[in-house]
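With chain A's structure known, arrange chains B, C and D on it following the hints.
4 protein chains.
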Amino acid sequence: MTPRLAELLPAIKAFIVEELYPLEQQALSTGFYELQPVLDEKRAKVKALGWWLPQVPQKWGGMGLSLLEFGILSEYLAKTLYGHYIFNCQAPDAGNMEILMEHASEDQQERFLKPLLNGDIRSCFAMTEPEFAGSNPIQMGARGTLSDGSYRVTGHKWYTTGADGASFAVVMCLTDPDHTNPYQRASQIIVPTDTPGFQLLRNIPVMGERGEGWLSHGEVMFDCVVPQDHLLGEAGSGFAMAQERLGPGRIHHCMRWIGISERALELLCHRAATRSLGQGKLLAHKQSVQNWIAESRAEIDAARLMVLNTARRIDAEGAYAARIDVSVIKFFVANVLQQVLDRAIQAHGGLGMCDDLPLAFWFRHERAARIYDGADEVHKERVAKYILKDYLPDTKNSHG
Amino acid sequence: MTPRLAELLPAIKAFIVEELYPLEQQALSTGFYELQPVLDEKRAKVKALGWWLPQVPQKWGGMGLSLLEFGILSEYLAKTLYGHYIFNCQAPDAGNMEILMEHASEDQQERFLKPLLNGDIRSCFAMTEPEFAGSNPIQMGARGTLSDGSYRVTGHKWYTTGADGASFAVVMCLTDPDHTNPYQRASQIIVPTDTPGFQLLRNIPVMGERGEGWLSHGEVMFDCVVPQDHLLGEAGSGFAMAQERLGPGRIHHCMRWIGISERALELLCHRAATRSLGQGKLLAHKQSVQNWIAESRAEIDAARLMVLNTARRIDAEGAYAARIDVSVIKFFVANVLQQVLDRAIQAHGGLGMCDDLPLAFWFRHERAARIYDGADEVHKERVAKYILKDYLPDTKNSHG
Amino acid sequence: MTPRLAELLPAIKAFIVEELYPLEQQALSTGFYELQPVLDEKRAKVKALGWWLPQVPQKWGGMGLSLLEFGILSEYLAKTLYGHYIFNCQAPDAGNMEILMEHASEDQQERFLKPLLNGDIRSCFAMTEPEFAGSNPIQMGARGTLSDGSYRVTGHKWYTTGADGASFAVVMCLTDPDHTNPYQRASQIIVPTDTPGFQLLRNIPVMGERGEGWLSHGEVMFDCVVPQDHLLGEAGSGFAMAQERLGPGRIHHCMRWIGISERALELLCHRAATRSLGQGKLLAHKQSVQNWIAESRAEIDAARLMVLNTARRIDAEGAYAARIDVSVIKFFVANVLQQVLDRAIQAHGGLGMCDDLPLAFWFRHERAARIYDGADEVHKERVAKYILKDYLPDTKNSHG
Amino acid sequence: MTPRLAELLPAIKAFIVEELYPLEQQALSTGFYELQPVLDEKRAKVKALGWWLPQVPQKWGGMGLSLLEFGILSEYLAKTLYGHYIFNCQAPDAGNMEILMEHASEDQQERFLKPLLNGDIRSCFAMTEPEFAGSNPIQMGARGTLSDGSYRVTGHKWYTTGADGASFAVVMCLTDPDHTNPYQRASQIIVPTDTPGFQLLRNIPVMGERGEGWLSHGEVMFDCVVPQDHLLGEAGSGFAMAQERLGPGRIHHCMRWIGISERALELLCHRAATRSLGQGKLLAHKQSVQNWIAESRAEIDAARLMVLNTARRIDAEGAYAARIDVSVIKFFVANVLQQVLDRAIQAHGGLGMCDDLPLAFWFRHERAARIYDGADEVHKERVAKYILKDYLPDTKNSHG
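From first to last, the protein sequence lines stand for chains A, B, C and D.
First residue of the first sequence? That's 1 in the working numbering, and the numbers climb one at a time after it.
First residue of the second sequence? That's 1 in the working numbering, and the numbers climb one at a time after it.
First residue of the third sequence? That's 1 in the working numbering, and the numbers climb one at a time after it.
First residue of the fourth sequence? That's 1 in the working numbering, and the numbers climb one at a time after it.
Some hints here could point you the wrong way.
Which chain B residues stay away from chain A? Per the calculated CB distances, all over 10 Å, these [as the list claims (entries may be wrong)]:
(1) Arg143
(2) Asn309
(3) Asp356
Below, in silico cross-link-like pairs of lysine to any residue (SDA-like), each with a Cα-Cα straight-line distance of 20 Å or less [said to hold, decoys possible]:
(4) Lys42(B) / Ile121(B)
(5) Lys281(B) / Ile324(A)
(6) Lys385(A) / Gln139(D)
(7) Lys42(C) / Asn136(C)
(8) Lys385(C) / Ile121(B)
Computed spacing ranges between beta-carbons, pair by pair [said to hold, decoys possible]:
(9) Asp176(B) / Glu317(C): 36 to 46 Å
(10) Val38(A) / Gln25(B): 30 to 40 Å
(11) Ala14(A) / Ile138(D): 41 to 51 Å
(12) Pro393(C) / Leu277(D): 44 to 54 Å
(13) Ala321(D) / Ala14(C): 31 to 41 Å
(14) Glu131(A) / Met1(B): 36 to 46 Å
(15) Gly197(D) / Thr30(C): 45 to 55 Å
(16) Asp40(A) / Arg202(B): 23 to 33 Å
(17) Thr2(C) / Asp176(B): 25 to 35 Å
(18) Val38(D) / Gly141(C): 56 to 66 Å
(19) Gln25(B) / Leu277(D): 39 to 49 Å
Honestly, the hints are just simulated from the structure, not real lab data.
For each residue, glycine too, the CB sits at the ideal point set by N, CA and C.
Extracted from the complex, chain A is given alone in its bound form (with noise of 0.2 Å):
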C-alpha cells in the first residue's frame, strides 16, 4: 500500500459504497442504455475528483497506478456492478487502451486512443470464434487479406463483450495463414463497427441475458474492406499482442474476482447476523454458517496475497516474468470466487436466487470466470507443464 493510494482510498471506498452501491438496484433491473445517463453522470463526478482512468498513465491522463496499485483499487471498485466502467477501466476497453497506446501509430491514437480515454466511445475485441477450441490459439478462421492497399477482413466471431454500440472492434485474424511459424500468422486490425459488412448476428443470451451495450456479448460476423493502415503494430505480430493483452488482463479480472467475493463475504454475514431462525436464534449462530464465513476468509484473503504479490512482480520484472504465476491465480482466483458466491447464496436462500441482491448475477455471469481467457484445463496444464520442465530430461514434455 503505497502512501499514495492509502490518502486516496477512503475516498474512493466511501464514494463506491454511498454513490455506487445505491445504483444497484436499478442496475439489475435496467438495461445499460436506459441506465447510461446515471453512469455518465457518475463518469464526470469520478473525472471531477480526478480517479479518471486509474490503470493510464498520466501522460494520457489517467492516475499513473502502478499494478499493485491498482489492484488494490480495483477490488473496491469490483465490491459494485459498474465500477470498473465508471472509473474507465473495464474490460475491454481498458485492454484495447493499453494495445493502442503500446502499438497504435499516432494517426490510430488520435482517431481510436483519446475517444476512448475520454470515455466518449466503447470499444471491442474479436477474439474467440465458435468453431475452434480457445485452449488452442493458434487456430482461427478469421482472414484478412491484403490487397490495393487494404485488407479485406472476414470472419466469425462470438463472446465479442460490448461490441453492441462499440465504435470499433481490434479484430485477430491471420494475415499469414501458411507462415512457418504459427504464432506470426496472425494480426490486429481495427475494423469500425459502422464498416459496411460489419454485422452484429445477435447478443448472445447469455444465462438467460443478452444484455444490451457494454454489457452484452456478441456473435458477429464481418466481411469488410479497411485501409492498409488500420493495421495494429506489425503484420504477424498479433499472437504476440494478443499475449501481451491477456496477461495483464487475467490479472485484471483476478482482482475483480476478490473484490465480487468481498462483497459477496459482505453480504453472508450481515445475512447470517439479522436472519432469525425463531426462538432467539440468529443464521449467525448456525456452524455451517460459521464454517462457510471461515473458508471464505481463508481463501480470499489467500487469492489477495497472491494477486498482490504477481502484481508486484509484473510491476518488477515484466508480465512475461510472471505469465505462470497469473495462470495460477486465474484458476485459484475464479474458484474461490465461485465457492464464496455459492456460499452467500446458500447463506440466503430464495432472496439470494433473486435479483433484489447482486448476489444471483455474479453466481450466473462469473460461471464463465473459469472458461474465459482460458479455461481452468489450460492454465493448469500450463502450470504443470512449466513445472515439470525442471524434472523432465528434454522439454517436449507432454502429449497429455
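Below, chains B, C and D without anything else, positioned relative to chain A:
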C-alpha cells in the same frame, strides 16, 4: 421396472426425443405464453397416447403408476424443458392435485381438482414468506381469520411458483396462532386468484429472469375473504398436509434432477466426442474430461439407485416411513445435479454459458435445488438427529 | 436379501459383535503370529457353525452364497479386523481358491486347493512389480521359461500380500514374451514357497508397519525351477485369468469398504453422543458433526446400493458384463471409505489418531484402496472411454 | 527476505539436501534412540556453523531471527524428517524455551532453560487430557494443590509429545479451580520427570507406531510433589501463558507444513517425470497428474504467503493482534498439507504407501495437523465469530 412400464417406455422416450427436444431452442428464447399453443398441442398428443397424468390414479383419469414406476418415467420427462408440464405432472400442480384428491370435499374437487386434472387451469401453492426462515416451518406471518362463515386470509408470500396465470392458490396460513401445539396452528385455504385483494406484486426476477405463466415465481400479497368451505381438510391440519405434500414433492424433484443430470452428461459426452482441439485431438482425449464423465456416471448411478429405492419404500411403507430416506436423497441428489451441470458447462466453454443449450438454464435455476423444499443444511441436521437418537440417552438431542 | 441369509444373518452379526469386536484391542497391538491361536479358535467355531467359506460352492465345502448374498454378509465381516480371515474368505486366498477351483488340474486341486479351503495353509499372488506401472498390465519383467519339462520362473515382485508364511505363490510371468497378441504373453504358475530360489526380501514397511504373516506385503525375488505341471490353466492364459480374478476381487474390496465405512460411522455417532464439550453440550450438538453424519449416511447408502446392484448383475450376467460397473464402484466406494474414515477420525480427535480404536489402522492402510487393483485414475479412464464409444465415430477413442 | 537470511540460506539449503536427506532412509526404519548419535553429530555441525537455535534471541545463544525470517528458514528444515530437531527448534522444546525465557525465574532458567538451549536435555508440555475436549480449554482434570511450600501436582495427560526421555515436563493444572474467572484457574508448573509419582504409562501407539524418545507421544499419570518455586510465572497465569505459547506454536506448525508440502510436491514431480507408463508415455503426461501439480503449486503458494504475512504481522504487532490470522492459517495450511500429501502418494502408487519415502510417514502422522493445537472446526468457529462481531448487535454472538 414393471412389465407395463417396460412396454410403454420406448415409445415415450422416442416421443421426448423426437417431439420435445426440438422445442428446446424456442423454449429457451420465448416466454411461456407465446409457447403455450405448442405446449397445448403436445399435451393433446400425450392425452391421445394415454400418457396423461402418469402419477394420478386411474379412477381420476391418470395412468396410475406406482411411485417407483413414475420415478423411472420422470427421469425421461426431465431430460427436456417442458416434459413434466406436457404430461401434466409438473409442480406445483401435481402437489395440489394430490392434496385435493386426498383432502378436498366433493365440491372442491368438482370446482378445482377436475379442471386441474384436465389441464384447463393451473394452480399455485403459497407457503414461503420472505420474512421467515423456511427452516422453521411453524413461523409464519399469514393469517386466516374465521368470522361469519368466511375466512379473511391475509399474508405476504413469495416464491409462489406459477402464481402468474394460476386460477387458484392453496394458501398456508395460521388459523389458530395460539394453539398450544404449534403444529396445529396452520390451515390450507383455497383462494381463487380473482378474489378481490389477491395481488401478484411481481414475478420475482430469479437469476435474471422474471419469467411468466407457469415458469415464474410470484411475490403475492393478499387480503382476501373466501367462504369457509374453501378450507382444505380440517382446520389446524395445514402443517400435516404440508408434510404430506413435501415428502413426495421432494422425491419428485430428485427424480427430475436425475433426468437433468443424465441429459447434461449426454451433452457433455457429445461435446467431448465432437469438439476438436486441433492436430487430431478431441476434447474426449483429455483426462480431465474423462474424469468428469466417469465421476458423473458414478454419481448419477448412485443417485438413481437411492431415489428408486426410496420410491419403492414409499410405495411399500408410505411416505412417513421413508421420510429420512427422502431427506438423504434431497441433499445428495441436489449436489450431484449441480456437480454434473457444472462439469457439462465447463466442457462446453462459451457454448455452455449461453442459451443455445439448456445447460445454462438448469445451472442457474436449479441452483435453487439446494435451497427449496428444505435447504441441504436442514435435511442434514434432520438426518443426523434421527441417526443420533439411537446413540443419545434421550431424544432432546440437539441445540445445534 | 434372500430368506436363507435373512435367517443366518442375526446370528452371524451377534457372533461378530460378541466374539470378534473384543479381539480388536489385541489385534491392534499384536502381530499376526501371536494372535494366530485365537484366530484359529474362532475359525473352528465358524466351521462348527456352518459359516466357513461363505463364498465357496457347497460342493467344495462352502456355504455357496451368491455374490449378492456374500456382499451383504461381507459388510458385516468387514466391520472388524479379522472378520474375513476368520471365515476363510480373505484376500488373496479367496482369489486363489477361485482360480484353482476353475482352472487347476485335479492334482493341483488336491495339493494346493484343498488345504487352502481347509484353512491349513495360506497362499499369495505375485503380480505387481516395482519397476512397472500397474496401469499397464502387459508390461512385466517376470519370466517363465519352459525347458525340459520345467519352468524356470524368475522375477521381482512386491506387494505380494501374505507372502510371509504362505505355502505357495501364484506367479504371473511372461511365458511367451514375443507373442503378437500382448494379452497372450503371460501365464500363471504355482510356485511353492519352499522352492529353492524363492526369496522373501522383506515385508515392506507399509505405513510404518512391516506386519507379519497374513497381514504383510512381501517383496519377493525368485529364480525357481518348478515342474511344468505347476502351470495353471493353459500357457498364455495368465492375463485372462488375472482379469477373471480382478473383477470379483474388486467387488470383494468394495464390499469390505462398506463394512469399514459403516463401522466408522457407528464409532463417529457413538463418539458424538458421548463426548462432552462442557456446559451440557455434546459433540453431537455441533452442526459440523451432524453434517458429517448425514453426508456419511448418504454416501454409504449410495455405495451399498451400487455394490449390491453390481453383485446382482454379476450373478445374473457374469463378471464381464459388469466390468464397467465394477470400475465405477471401485473408485466411488474407495473415496467414500476415505471420506468417512477421515470424518470419524476428526470427530475422535487424539483418540482417532491412535490405535485404541481401529480407525487409524483403516485410515492408513486403506489409503491404498484408491491405488491397489487399479488406481482411481485408471478406472475413471476406463469408464469414460467405454461411455464415449457410443459418441465417437470409432473405437480408437483416446490417446489420453 | 532479509539480506542476512538471503546470505545464509543457500548454505543451509545445501546442508539439508546433502547432509540430512541421506539420513531419511535410516530415520524411517530406525528408532530415535538408535539414531541419536547421528543426530548429535549433525547438531554439532549446526552449532559450529552458527545456525543453532535460529528462533532464539542472540543473547540466549541463538541466531535471533525474526519470526518472518524463521518462517522462511523453517520451510527448508521441514523438508526432511529431523530438520528442526537438528537445529534445536523442534516442538515442544522450542515452546518451552520461549516460556522459560519469558516467564521463568533466574533459578529456573539456570536449571531448566540453559541445558535445553544447549541441547543437553529435552522437555515436554503436558496439557491435553483424554477425558476433556481440547476445544474447551478451561475444562481440565489436573490439579496443583499448594501446601507447605510445595505443589502436589496430580493428573492424567496424554499426547505429551516427547515425554519419553524428557528431563522435565511443564504441566498445566488447576491451582485455583473455583476462581470466578475461569481463565485464571490454571497454572503451569515444572515437574522434573524423575520426581516420584511421575509415570509414563505408555508411548501411545499413534497410527501404528509407539515411537520413542523425542518422536513419541506419552500418556502420563502423575501424583508428584514439587517445591513451590517450580511454579512458572504467577499462579493463575497458566491459561494466559498457554495462549502465548499456542499462537507462535501454531504458526511454527504452519511453517513446517509448507516445507513438507513443498517436498511432497517435489517428490510428486520427480515421480511424474521418471515413471514410465510404457509406449514412451510418462506419468507426467497424464492430465490428472498435471492437475495435481498445478493445484498443489497454487495452494502451497497461497499457504506460504498467508503464513509469512502473518509472521510479519506478529513481528510488527505481536501475537495477540494476529490471533485471528493464526487461526485462519492453522486450518487453511493443514488442509493444503493433507491434500498435497494425498496427491503425492497417489502419484507414487505402492511406493507412496511404504516407508521407502517419507510421504507415508507424513501422511499418517500429519493427519493430526487438523486436530492438534485446535481442530479445524474450533478455529473456524473462532474466525467466524470474530468476523461476525462487526455485524451483530452485541458480542454474545453464538450458541453454535
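Take the C-alpha atoms of Lys385(C) and Ile121(B), compute the straight-line distance between them, and say whether it is at most 20 Å. violated, 48 Å
Minimum Cβ distance from Asp356(B) to chain A greater than 10 Å, as the annotation requires: violated, 8 Å
Range first: 30 to 40 Å. Now tell me if the beta carbons of Val38(A) and Gln25(B) are that far apart. holds, 36 Å
Taking 20 Å as the top limit, are the C-alpha atoms of Lys281(B) and Ile324(A) close enough? Answer violated: Lys281(B) to Ile324(A) is near 25 Å, above 20 Å.
Please check whether Glu131(A) and Met1(B) have a Cβ separation lying inside 36 to 46 Å. Given range 36 to 46 Å: holds, Cβ gap about 42 Å.
Whether the CB-CB distance between Thr2(C) and Asp176(B) falls inside 25 to 35 Å: Since the Cβ atoms of Thr2(C) and Asp176(B) sit about 52 Å apart, the hinted range of 25 to 35 Å is violated.
When you look at the beta carbon of Arg143(B), is every beta carbon of chain A farther off than 10 Å? holds, 17 Å
Asp176(B) paired with Glu317(C), Cβ distance criterion 36 to 46 Å: Check failed, 59 Å falls outside 36 to 46 Å.
Verify the CB-CB distance for Gly197(D) and Thr30(C) against the hinted window 45 to 55 Å. violated, 31 Å
56 to 66 Å was suggested as the range; check whether the CB atoms of Val38(D) and Gly141(C) agree with it. The hint (56 to 66 Å, Cβ to Cβ) is violated, given that Val38(D) and Gly141(C) are roughly 35 Å apart.
When you check the alpha-carbon spacing of Lys42(B) and Ile121(B), does it fall within 20 Å? Since the Cα atoms of Lys42(B) and Ile121(B) sit roughly 16 Å apart, the hinted pair holds (cutoff 20 Å).
Range hint 23 to 33 Å (beta carbons of Asp40(A) and Arg202(B)) holds or violated: For Arg202(B) against Asp40(A), whose Cβ atoms are near 29 Å apart, the range 23 to 33 Å holds.
This entry does not satisfy hints 3, 5, 6, 7, 8, 9, 12, 13, 15, 17, 18, going by the numbered hints stated previously.
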